Amino acid sequence: MGKRKNWRGFGSLAVSLLLSLALFLCGCGGGDAKENKGAESGKEASGEEDGEEYVYVAQYLPLNDYCEAISSVMLGNDQNVFFLGMKDEKDILFSLKIGEDSVQEFPLEVEEGMMVSSMGKDADGNLLIGFMGYEGDPEAGGTVKSVMVKKISPDGKELETLDTGNAFKKKDSMSFYLSDLLQDKEGNYYICSGKDIYVLNQDGSVYCEIPVGEYISNLFAMRDGRIVAAYRGSNGYSLEEVDLAGKGLKALDTSIVFEYGVFLGGTDTDLLYTQNSVLYSCNLSDEKPTALLNWIDSDINSNYLQDFAVFPDGRIVAVTVDYSSAGETELSVLTKKKRSEVPQKETLVYASWYVPYYVEKDIVAFNKRSEKYRIEVREYGDDSTALEEKITMMNTDLTSAAPPDIIDLSYCQLSLEELISAGIVEDITPYLEADGDIKREDYVENVMRAYERDGKLYAIMPCYGIDTMIGKVSDVGTGNKWTLDEMMALMDSKGPEVEILEYVNNNYMLHTMCTANQSLFVDEENGTCDFSGEEFKKILEFANRFPKEANYDENGPSEIEKLRNGQLLLLARAVTSVSMYQMYEYEFGEPVNFIGYPTMGSTGLILTPNSTTVAMHAASENKEGVWEFIRFNLTKDRQEKLGTANGGFPILKSALEQMFENDMEEEYYVDADGNKQRTSKSTWTTNDFTVEVYAATKEQVDRVREMIETAQPDLAINEKVYEIIKDEAQAYFDGQKSVEEVAGLVQNRVQTYLNETK
Amino acid sequence: MRDRKKEPKARRMSLQIGGHGLAGKKGQAQPSAARKSGMQKRNAKSRRISTAFLAPSFLGVMLFFVVPFFVVIYYAVVNNPIQHHFVFLDNFSNVFHNAAFRQAASNTMKFSAIAVPLAVALSLGLAMLLDSKIPFKSQFRTFFLTPMMVPIASIVLIWQVLFHYNGMVNDITALFGTDKIDWLKSEHAQVVIIVLFLWKNLGYNMILFMSALGSIPKDILEVAILESAKPWQIFVHIKIRYLSSTILFVTIMSLINSFKVFREIYLLTDDYPYNTVYMMQHFMNNTFGNLDYQKLSAAAILMSLVMVAIIGILFLTENYFGKDVEG
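Protein chains in written order, with this note's numbering: chain A, -15 to 742; chain B, 56 to 382.
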């Protein structure tokens, strides 16, 4: 009896403990999921007050509906937005009261030979409009003739005009431009031009010039009126105020660490800024800033932000310009609402340890378009998190109970093979085959195959570039591939003063050569490797011809000079448009061949993803939604837009051909005499040269098409294999070990790795 | 006359409990129903208190040992952590046929088979030496204990300075005209690791043996001397028998430490070292990093089975040699 009682006691103890354990574990799971959500940058867009979750809901208003082309836009102090545009071929300043449909128009008097260049504000909220006049072509070797600033009240009255006289006359039109325009409480004007800040007296004379030495991303007035420059210096990104007495910049007294972003003076706080898609507000005395929202959650692309403000009633207003399109300008008004009042969509989670600008663009576009699904971003870690830690967080999350739905393959440390082996990624072939609109045969086949393994398709790159080596036909011939021996022969045929590639070191060459020829050494499918052959030794010897550290000669000839006078033989670049192809032809100064990387077998042209390339998580509960996102970027409409602005070549054949047609189409303008003149389609400007690119020839387009069709997938070398090779090769580069010893050690260690993966 | 009602509660309790025990022993009349009910209540309360105190530990053991153990078993019989398809023993079969696993198991076994007996024998020898009448005993003891105080990063640094391709050992051998040896990336690599293991562990083992030697009854040793027993006879027939439980403990600890030598090897040679020093922990660590949980789990179960078998054999051996001593 007594024994039975004891057992019953033990049993109840065990049951209660197991129950509490189960509850605890349930709690763990819940907590984990919450924590994951908390780690999302998007989470900061919503908040919780009195137990109720709030979100910012956006209303969008396209400003292009009011005029033909918008050159500048900014928010006024009276809950209105000002924008400069053309209407009936006249420059008009528009003022739109936010919340009202009516817009006021104020025609601008633009003097002959002057162009509207920039727009800014003074301390009282009056508008400053900068005008510039040029001598010669402003886009090719012209100089500045004059700079004027007009101050206009919010109701359109011209208050004063500042004529800078000869202050900026003869400045190079390519390096002098008005990026920011301000006036402080004392009436001093501030002009920001690239790397320099000019402070002007009220009579237009220059009070001082402050050369910063780095590009200034923002010049703005803080709440207290201090003028602050934001730029990336040698010690990282920093905010420094203009010190008029010292005629220089001085650091702001704050413990907050800033990164690249868009900065403004706040209305309730010192600063309002956007950094990594999140809108922050802070006072300089704060220990850390307050996150107000994540723009992505409100379907706003933070990369397109021109201006934003927080209104006293809590609304947040933003103006965006889509540079990848024809400059579509949009006003967004964000109102805080209870989440329960907002129509709910099914959530898809996109995971990455870094969110590139094109992903943000695609997610925002998809969220705006889709009525059923909404993508939330789960970005691992923040600015203070080490990369390794971010990768570990992501890898752990991929196998967790609440994994993401969408995996960004460009920012996933695990290779596609490892993801397949772990059962993490889903074959999207059934979704592709079941889709009524997306037909495989409509897409460039070899690009479609880039993420195909064993007949299963795991991802599709909507947009891509071709990674290649470029050389003069007189040096590399006209073939479409070459070998390492041929490249070494070219190197040997030139003197020691001739560089084969600019600023490359032995590790770069080792990596490049091993990547291009990895299939010769490593057979991952069968788990074998052979580094004992002559090919690998040849690569080591070739890489050893390059210095350990690339020497950058600041005073040496430019890249274009070296290419044209034969001091430099090759460039290793990614080509993402026909105009880029044309630009390289110009740079070499004679016929060139995009020959690819030297290989010991197939072509050396490599496909590189240049857009959102994602895989579907096998455990996703919303696979249809993930496919919706993948197919969204493959649709005709998106494909025709993706290829613009050197964003890469579209995978849709018709969009690619459309792009080629556009590239070959001549553009004209009518000159003052009424004659039709041929004009350039785009302008390429580098530190060394500027080139106008005209319509491409059929031969140029055919060559680009051939490159695309023959390029092989970007089979990046397995990083673990390369780490071993690099580790062992150092002893050879240092002259410590023979090439045979190094090859033997690489063979030993890589074989261990391959054995493990079988 | 005492009023029982006014007696302190504690006193009453002790009397009642004493009375109950006595009555039970003598087989006299059982306590009354009221007393019995009171006792039950007190026992229940006592159990609840015990439960409350035990719960955190029990929960901890469940959470951090028992549940993960079952999770590992679960992962070992599914195809991957995402699809969870039951594959029974396929993962074990894969692991058995995996060349890297076989290499790691062979290296680990070889290492343990050499390093553990050496660690036990040398530390016992040192303990015997320090137990005898030699000068500078205290200094020697400190000398052998020093490696225990050195942080692992420093140990690795010292070993790198010594055994790197451009290290001190090669500098010294070069004086005799010998070619350089890449100690950590050659067939000699395991020798270097064994030396490192012994250097790090001898001191601790030695202290354990010295303590055990000190606890052997002096009278038995004196009787043996009086009976003209030779030193080796005293060692084999008395000391070893008394030391048997310590030998078992030191052996198990050394065995466990031999599996943990991965840490030093990893810091010296990274995650894919020369194949002679590729250990089981490398295999497990790397498969974890590659999210190959099923392979990792199968290997962990196999390894734990081997460990259980080895420790079982050690216990049986200890029982055999030490049974007459512990009586």
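Please keep in mind that the hints were generated in silico from the structure rather than gathered at the bench. Heads up, a few of these hints could be off.
Listed next, the in silico SDA-like pairs over lysine to any residue satisfying Cα-Cα at most 25 Å (straight line) [said to hold, decoys possible]: (1) Lys440/A <-> Val142/B; (2) Lys742/A <-> Phe141/B; (3) Lys374/A <-> Gly344/B; (4) Lys742/A <-> Asn510/A.
Remember, predicted model here, so these are calculated numbers, not experimental data.
Here is what the structure says about each hint:
With a CA separation close to 22 Å, the supplied pair Lys440/A and Val142/B stays within the 25 Å bound. Of the supplied pair hints, the one linking Lys742/A and Phe141/B holds, its CA atoms being roughly 20 Å apart against a limit of 25 Å. Proximity of Lys374/A to Gly344/B is assessed by CA-CA distance (about 14 Å); at most 25 Å being required, the pair is judged to hold. Between Lys742/A and Asn510/A the alpha-carbon distance is near 8 Å, which keeps this suggested pair within the 25 Å criterion.
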